[in-house]
Amino acid sequence: EPEVTQTPSHQVTQMGQEVILRCVPISNHLYFYWYRQILGQKVEFLVSFYNNEISEKSEIFDDQFSVERPDGSNFTLKIRSTKLEDSAMYFCASIGQGARYNEQFFGPGTRLTVL
Amino acid sequence: AQSVTQPDIHITVSEGASLELRCNYSYGATPYLFWYVQSPGQGLQLLLKYFSGDTLVQGIKGFEAEFKRSQSSFNLRKPSVHWSDAAEYFCAVGAEGRRALTFGSGTRLQVQP
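Chains as they are written, first to last, in my numbering: chain X, 1 to 115; chain V, 1001 to 1113.
Among the clues, some could well be false.
[To be verified] Think about it this way: if two alpha-carbon atoms lie no more than 35 Å apart in a straight line, the pair counts; the simulated DSBU-like pairs of lysine-lysine are: (1) K78(X) to K42(X); (2) K83(X) to K42(X); (3) K57(X) to K42(X); (4) K1068(V) to K42(X); (5) K57(X) to K78(X); (6) K1061(V) to K42(X); (7) K1061(V) to K83(X); (8) K57(X) to K1068(V); (9) K83(X) to K57(X).
By construction, these hints were calculated from the structure, which means they are not laboratory data.
Just so it is clear, the structure is predicted and the values come from calculations on it, not from any experiment.
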């Protein structure tokens, strides 16, 4: 069964460093999302992406964040200068063109630890 | 703005007992409703979804949920819990147009032998 994949599974970085989290959505999906989950808290929406542009973003998604679909398969989240509070699990999700119920398929997540 | 409330932070049940996890939502139109399960260190797996039609929906792993518009609820149920059901359960609401999902804060389920 097709699935969303994410790499790396765990990323450790120093405060102020740039990180890029990678996602490979399901191959025929066209809508892409990033969410994050700070340890012990709820899953929060960051950004959605369709047709090579951001379609929706939350207040969390400030100028430190950017997303890109550099090729036909990858979808990336970049954090330019990481802060301690960026430590969280980051989930990628995608939806197919014909999805009837807005059902989002989630990847396994990347745990980001900022020291 | 849409919102989801899961009133129970932590629930403990005995194996074989029945389970009901509560979810209340706030949304102006007919919502898309979802239950996801997250095992420790894992991603989010969709258990079931509701948009329209029969208000009792069946999902994977023997779970079901009932949509009650009058109560703005979408409670998750299972008649007999297995030890492998121990996990965190998230209720989520979505809108049309492939908008972002809004998640509740989750309910952690512990299963006693």
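Review point. Going straight from one Cα to the other, do K1061(V) and K83(X) come out at no more than 35 Å?
Key: violated (39 Å)
- Do the alpha carbons of K57(X) and K42(X) lie within 35 Å of each other, as the hint requires? holds (17 Å)
**Asked** CA of K1061(V) to CA of K42(X), is that 35 Å or under?
**Response** holds (23 Å)
Hinted pair K1068(V) and K42(X), Cα distance within 35 Å: holds (24 Å)
Regarding the pair K83(X) and K57(X), is the alpha-carbon distance no greater than 35 Å?
Holds, at roughly 19 Å.
Distance restraint between K57(X) and K78(X), which requires alpha-carbon spacing of 35 Å or less = Holds, at roughly 14 Å.
Handout entry: Pair hint K78(X) and K42(X), alpha-carbon separation not exceeding 35 Å
Key = Cα-Cα ~21 Å, so holds.
Do the alpha carbons of K83(X) and K42(X) lie within 35 Å of each other, as the hint requires? holds (19 Å)
Exercise. Are the Cα atoms of K57(X) and K1068(V) separated by 35 Å or less?
Worked result: Between K57(X) and K1068(V) the Cα gap is close to 30 Å, so the pair holds against 35 Å.
Hint compliance for this structure: hint 7 alone is broken.
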